[in-house]
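> Spelled out from the first residue to the last, the chains are:
Number of protein chains: 2
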Amino acid sequence: EIVETITQLFSKSDCLKGKRALVTAGGTQEPLDPVRYLGNRSSGRMGYAVAQALQEAGAETILVSAPTDLPTPHGVSRVSVQTALEMYDAVLANFPNMDVIVKAAAVADYRPASQSEQKIKKDGTNRMIELVPNPDILAELGRRKTSQVLIGFAAETENLLANAQEKMHRKNVNLLVANDVTKPGAGFGSPTNIVSFLFPDGRRIDFPKMSKLEVARNLVGEIANLLGDCNKGVK
Amino acid sequence: EIVETITQLFSKSDCLKGKRALVTAGGTQEPLDPVRYLGNRSSGRMGYAVAQALQEAGAETILVSAPTDLPTPHGVSRVSVQTALEMYDAVLANFPNMDVIVKAAAVADYRPASQSEQKIKKDGTNRMIELVPNPDILAELGRRKTSQVLIGFAAETENLLANAQEKMHRKNVNLLVANDVTKPGAGFGSPTNIVSFLFPDGRRIDFPKMSKLEVARNLVGEIANLLGDCNKGVK
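Taken in sequence, the protein lines are chains G and P.
Residue numbers for the first sequence follow the working numbering, beginning at 1 and rising by one.
Residue numbers for the second sequence follow the working numbering, beginning at 1 and rising by one.
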């Protein structure tokens with residue numbers, strides 16, 4: 001099955017030649033002060049694997065990455081950001097020129113309402129912090145998209161498929177990668193993942209546990225399909 | 001100067017033979033839900049370098065580490081923790097048997113008052129979260145210490161030496177490593193650091209910018225001094 005997928009991929013890799021792709025990865029960090037932040041758990045490995053697979057398939061690939069310790073995949077251009085707002089700006093600036101956008105980053109939904117310039121001193125008492133919503137990058141891309149293929153991820157801890165279905169439609173994506181982060185072998189920082197691909201036409205592909213790079217290569221195969229006419233020899 | 005320091009270290013390394021050391025490293029993560037957490041910026045590199053230098057100098061070394069992607073130094077025993085409370089338990093359980101404790105971790109001062117079992121869904125409105133103070137591990141060790149050599153770190157963004165002096169006395173440590181994280185080459189994730197060693201007797205050693213491993217080896221030299229009678233041939 002894997003061999004088949006890879007064969008399928010390589011036979012379609014010409015489809016991504018000349019295509020421009022943008023991938024987001026990692027978990028954004030929303031500072032409270034120079035030392036403390038609100039973070040989202042994400043090793044960045046899934047997004048980095050997708051960037052690698054897109055580059056291997058011939059796409060000119062930009063990786064907009066929140067802080068990680070991972071090396072940038074060979075041949076990929078990396079733009080480093082820290083916060084959701086910085087990621088929003090980097091993604092929106094590039095969006096009009098892209099053919100494919102894969103939003104694999106774990107973006108903080110909220111950021112602290114205010115940020116201290118200096119390290120906050122503790123005083124031993126309870127403290128309230130006010131959080132304000134961050135812009136929803138994926139939803140904004142869904143609203144703006146014209147010909148772009150837009151891929152989202154849904155990491156859920158309950159009601160996986162129902163939540164993912166709802167997200168796919170609400171965000172107007174062409175494909176949603178859903179994974180239940182509570183499953184062994186599918187969690188944060190794991191080298192493997194267990195995913196389903198959901199499509200707006202109701203199709204769903206369930207995969208067994210596989211490496212994140214295998215998931216990425218399967219995803220690139222579907223992206224090639226979504227970009228169309230690869231099998232007609234037009235490109 | 002470096003050669004001198006290393007020579008000094010190796011001539012004293014017998015002092016740490018048979019000694020037991022515990023080092024904390026990394027930034028704790030305080031979960032809000034399975035995906036979101038309150039974090040403290042720290043690559044863990046400084047603490048990992050200290051554990052390596054202690055091990056090289058002959059000490060039996062335990063590394064209590066918050067999440068990092070760093071490899072465990074050769075010969076060091078690693079205990080992995082996520083939160084400040086887990087770190088507190090791991091450190092306090094080992095404390096009575098230790099000769100040296102180096103608290104290099106960035107421990108969250110606060111944790112969310114409550115934690116959601118499931119991923120919190122956003123609703124687009126502002127939100128308040130209540131934070132409660134975490135126990136102060138270093139201060140607790142300072143209260144309990146008998147013969148142990150206790151080393152603290154102070155990462156400051158303003159009034160470095162005044163804040164560090166005050167912390168050294170309040171926490172009852174034998175040596176405080178102070179660094180201004182706003183200086184280029186001294187910040188989080190940097191392979192280098194710019195530090196001062198402060199001692200309760202009023203001594204202060206200011207170092208130029210050097211690698212974190214060089215800082216660690218200088219620190220181990222001072223630990224050997226603090227453990228005493230190395231030059232008298234008693235050990």
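You may find that some hints are simply not true.
In silico BS3-like links for lysine-lysine, alpha-carbon gap of 27 Å or less [unchecked claim]: (1) LYS183(G) <-> LYS171(G); (2) LYS19(P) <-> LYS145(G); (3) LYS122(G) <-> LYS167(P); (4) LYS119(G) <-> LYS209(P); (5) LYS121(G) <-> LYS167(P); (6) LYS17(P) <-> LYS145(P); (7) LYS171(P) <-> LYS19(P); (8) LYS121(G) <-> LYS19(G); (9) LYS121(P) <-> LYS121(G); (10) LYS183(G) <-> LYS119(P); (11) LYS167(P) <-> LYS119(G); (12) LYS121(G) <-> LYS19(P); (13) LYS209(G) <-> LYS183(G); (14) LYS209(G) <-> LYS209(P); (15) LYS121(P) <-> LYS171(G); (16) LYS121(P) <-> LYS183(G); (17) LYS167(G) <-> LYS19(P); (18) LYS183(P) <-> LYS167(G); (19) LYS171(P) <-> LYS119(G); (20) LYS209(P) <-> LYS167(P); (21) LYS209(P) <-> LYS171(G); (22) LYS145(G) <-> LYS171(G); (23) LYS119(G) <-> LYS17(P); (24) LYS122(G) <-> LYS17(P); (25) LYS167(P) <-> LYS171(G); (26) LYS145(P) <-> LYS167(P); (27) LYS167(G) <-> LYS145(G); (28) LYS122(G) <-> LYS183(P); (29) LYS183(P) <-> LYS167(P); (30) LYS171(P) <-> LYS122(G); (31) LYS171(P) <-> LYS145(P); (32) LYS19(P) <-> LYS145(P); (33) LYS122(P) <-> LYS183(G).
Derived coverage of chain P by chain G (criterion: at least 3 residues anywhere in the stretch with Cβ under 8 Å from a Cβ of chain G; other residues may be distant) [unchecked claim]: (34) 38-52; (35) 101-115; (36) 121-127; (37) 139-148.
If you're looking for bench data, these hints aren't it; they were derived computationally from the structure.
Cβ atoms here follow ideal geometry from the backbone N, Cα and C, with glycine treated the same way.
> For every hint, state whether the structure bears it out.
Outcome of the hint check:
no.	hint	result
1	LYS183(G) <-> LYS171(G)	holds, 25 Å
2	LYS19(P) <-> LYS145(G)	violated, 63 Å
3	LYS122(G) <-> LYS167(P)	holds, 12 Å
4	LYS119(G) <-> LYS209(P)	holds, 22 Å
5	LYS121(G) <-> LYS167(P)	holds, 12 Å
6	LYS17(P) <-> LYS145(P)	holds, 21 Å
7	LYS171(P) <-> LYS19(P)	holds, 23 Å
8	LYS121(G) <-> LYS19(G)	violated, 50 Å
9	LYS121(P) <-> LYS121(G)	violated, 31 Å
10	LYS183(G) <-> LYS119(P)	holds, 14 Å
11	LYS167(P) <-> LYS119(G)	holds, 14 Å
12	LYS121(G) <-> LYS19(P)	violated, 35 Å
13	LYS209(G) <-> LYS183(G)	holds, 10 Å
14	LYS209(G) <-> LYS209(P)	violated, 46 Å
15	LYS121(P) <-> LYS171(G)	holds, 15 Å
16	LYS121(P) <-> LYS183(G)	holds, 20 Å
17	LYS167(G) <-> LYS19(P)	violated, 56 Å
18	LYS183(P) <-> LYS167(G)	violated, 43 Å
19	LYS171(P) <-> LYS119(G)	holds, 18 Å
20	LYS209(P) <-> LYS167(P)	holds, 23 Å
21	LYS209(P) <-> LYS171(G)	violated, 49 Å
22	LYS145(G) <-> LYS171(G)	holds, 11 Å
23	LYS119(G) <-> LYS17(P)	violated, 38 Å
24	LYS122(G) <-> LYS17(P)	violated, 38 Å
25	LYS167(P) <-> LYS171(G)	violated, 50 Å
26	LYS145(P) <-> LYS167(P)	holds, 16 Å
27	LYS167(G) <-> LYS145(G)	holds, 16 Å
28	LYS122(G) <-> LYS183(P)	holds, 23 Å
29	LYS183(P) <-> LYS167(P)	holds, 20 Å
30	LYS171(P) <-> LYS122(G)	holds, 14 Å
31	LYS171(P) <-> LYS145(P)	holds, 11 Å
32	LYS19(P) <-> LYS145(P)	holds, 16 Å
33	LYS122(P) <-> LYS183(G)	holds, 23 Å
34	38-52	holds (count 5)
35	101-115	holds (count 5)
36	121-127	holds (count 5)
37	139-148	violated (count 0)
Going through the hint list in order, the structure does not satisfy hints 2, 8, 9, 12, 14, 17, 18, 21, 23, 24, 25, 37.
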